[in-house]
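Chain P: place on chain U using the hints.
So the protein lines, in turn, are chains U and P. For the record, in the first sequence the residue sitting at position 79 is 78 according to numbering that gives the first Met the number 0, with numbers rising by one throughout. For the record, in the second sequence the residue sitting at position 13 is 12 according to numbering that gives the first Met the number 0, with numbers rising by one throughout.
These aren't lab readings, by the way, just hints derived from the structure by calculation. Take these hints with a grain of salt, some might be off.
[What the hints assert, rightly or not] Not the full set, but computed from the structure, chain U residues with beta-carbon under 10 Å of chain P:
no.	residue
1	T111
2	V169
3	E268
4	A347
5	S360
6	N365
7	T392
8	S399
9	G400
10	G401
11	S403
12	N407
13	R412
14	A416
15	W422
16	D424
Remember, predicted model here, so these are calculated numbers, not experimental data. For every residue, glycine included, the Cβ atom is placed at its ideal position computed from N, Cα and C.
Next come the chains, spelled out residue by residue.
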Amino acid sequence: MIKRRQFVHGAGALGAFGPLALMAGCATNASGGGPKVVVVGGGYGGATAAKYVRLWSDYGIDVTLIEPNSSFISCPISNLVIGGTKTLADITAPYDNLTRRHGVRIVQDMVTRIDSDKRIVMLARGDELPYDRLILSPGVDFMWESLPGMAKEGAKDKVLHSWKAGAQTVALRKQLEAMPDGGVYALSIPLAPYRCPPGPYERACQVAHYFSKAKPKSKVLILDANDDVTSKGPLFKKAWKDRYDGIVEYRPKHKAVDVDANTNTLKFEFNDDVKANVLNVIPEMRAGDIAVKTGLATANKRWCEVDFLTFESIALKNVHVLGDSIQIAPAMPKSGHMANQHGKTCAAAVVALLTGKQPNSLPIYNNTCYSFVSDEDVVHVASVHRYDAEKKTMLTVPGSGGVSSAANELEGRYALAWARNIWADTLA
Amino acid sequence: MKTTLSAFILILALVSSGAQAQNVDPLQVRSWASACANCHGTAGVAQPGMESLAGNNKDELLKKMLDFKSGKKPATIMHQLSKGYTDEQLAALAAYFASQRK
Chain U
0 MIKRRQFVHG AGALGAFGPL ALMAGCATNA SGGGPKVVVV GGGYGGATAA
50 KYVRLWSDYG IDVTLIEPNS SFISCPISNL VIGGTKTLAD ITAPYDNLTR
100 RHGVRIVQDM VTRIDSDKRI VMLARGDELP YDRLILSPGV DFMWESLPGM
150 AKEGAKDKVL HSWKAGAQTV ALRKQLEAMP DGGVYALSIP LAPYRCPPGP
200 YERACQVAHY FSKAKPKSKV LILDANDDVT SKGPLFKKAW KDRYDGIVEY
250 RPKHKAVDVD ANTNTLKFEF NDDVKANVLN VIPEMRAGDI AVKTGLATAN
300 KRWCEVDFLT FESIALKNVH VLGDSIQIAP AMPKSGHMAN QHGKTCAAAV
350 VALLTGKQPN SLPIYNNTCY SFVSDEDVVH VASVHRYDAE KKTMLTVPGS
400 GGVSSAANEL EGRYALAWAR NIWADTLA
Chain P
0 MKTTLSAFIL ILALVSSGAQ AQNVDPLQVR SWASACANCH GTAGVAQPGM
50 ESLAGNNKDE LLKKMLDFKS GKKPATIMHQ LSKGYTDEQL AALAAYFASQ
100 RK
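Chain U extracted, bound-state conformation (with noise of 0.2 Å):
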């Protein structure tokens, strides 16, 4: 598949936002003019980095953001789509807003290398790009060696995880479109930490709701590696009770070890088989691919340990990591909400660090998670995190934070008020 390269140069929108700023004490950047920030990634993460970096430079810093997609597609909410109450079109935003609103450069390709010794990305295209800083979001990617059976051909096409929002998102919906009443739908959940941890008992309960409309004779089996729901327990099984009962069936402790494409059968490391219509298999994960290559995964070689009042690794100088590939601190979950504010809290550190001056020594930030479990109605979890100097990570503030008291009405139509408010703070 070739993929058209765009440079889209952002000069041209600058003036409506006033001077570039030439910065004092920046003498010593790559290849002159301003210093130079680029942005791997353009999820949650990346792209709020790469919009905040200018916007608190006051557009003094030349930010670039590289990202193989031509836009960005929401993770949360995508399991409506699965559901069948959104589109593929409601979840997808463009990026183009960062260059005509901001000048952030958008390069369309995949980094292949990172040499951090010259600051200096390698595209795929063979493109090399100088850095001051650079700043990685570059999501998960499964470990697919822990399923020997998915590397057959074809069986990827066929057993979809759709943990990353997109093509396989909507090839679920059709295998659940396909599906006959009466058959079965097994979810596959790995142990934690993965992306989204409430996400799984969301999608059991958008693929439930579908069938309690469309195939009320149907079956939703999940099957949990961990020892119970790793998220919002009781309200996700308050509503399995209430609003499924007799479609969806939960079974903790169930690790899956290998998959049968051919057969749609799941194998497990001590429980039976099971067989089913259509099989949806979340895979264990770690950082992204190119954070791993470049040895930045530092956390049993699976995730990114970093400095929480810059995101800087531990292991490269000039190198942060953010988002979901980061080795997290306690209580925090990997989430879109969750990596937006590392992707401020990042931007606020390098653009303080490049101008010569010390970065905020108190991050307070918040985790807001809202999870459907009907058509309309909503749970939450949320945490404030707050920096401890002594422990040198981010702790939860005793007292704060909680979930719903019921899934409500209300909290559905928030959520949807959170997408749209978190969509333009991270990409207009």
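Chain P only, in chain U's frame:
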């Protein structure tokens, strides 16, 4: 009545002194405030369906956040989030959003 009165005095103290809020590094406050943007919009200018904070009255914003924190004002989520901040931090946030353009 007593709790209302003491809350009122607290607000008066926070608002009239203002010193504590002003002692906080404005760039630090800007970063704290940016954490609210996920629901309330960049610099407090919200998309449809959520309340904008930009350009609102400082004292009213602070009173609202303190009432969420004390449980006096019912909420779906703000009673849980406001408890993550000291009263001084809330005062600094109220001043920041009040100073933003609508």
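Quick rundown of the hints versus the structure:
1. T111: Cβ of U:T111 sits 32 Å from chain P, so the hint is violated.
2. V169: Violated. Min distance 26 Å.
3. E268: violated, 37 Å
4. A347: U:A347 check passes; min Cβ-Cβ to chain P is 5 Å, inside 10 Å.
5. S360: With a minimum Cβ separation of about 7 Å from chain P (threshold 10 Å), the hint on U:S360 holds.
6. N365: holds, 5 Å
7. T392: Violated. Min distance 16 Å.
8. S399: holds, 4 Å
9. G400: holds, 5 Å
10. G401: holds, 4 Å
11. S403: holds, 7 Å
12. N407: It holds, given that the least Cβ distance between U:N407 and chain P is near 8 Å, below 10 Å.
13. R412: holds, 6 Å
14. A416: Since chain P brings a Cβ to about 3 Å from U:A416, closer than 10 Å, the hint holds.
15. W422: Interface hint status for U:W422: holds (8 Å vs cutoff 10 Å).
16. D424: holds, 4 Å
The earlier numbered hints that this structure contradicts are 1, 2, 3, 7.
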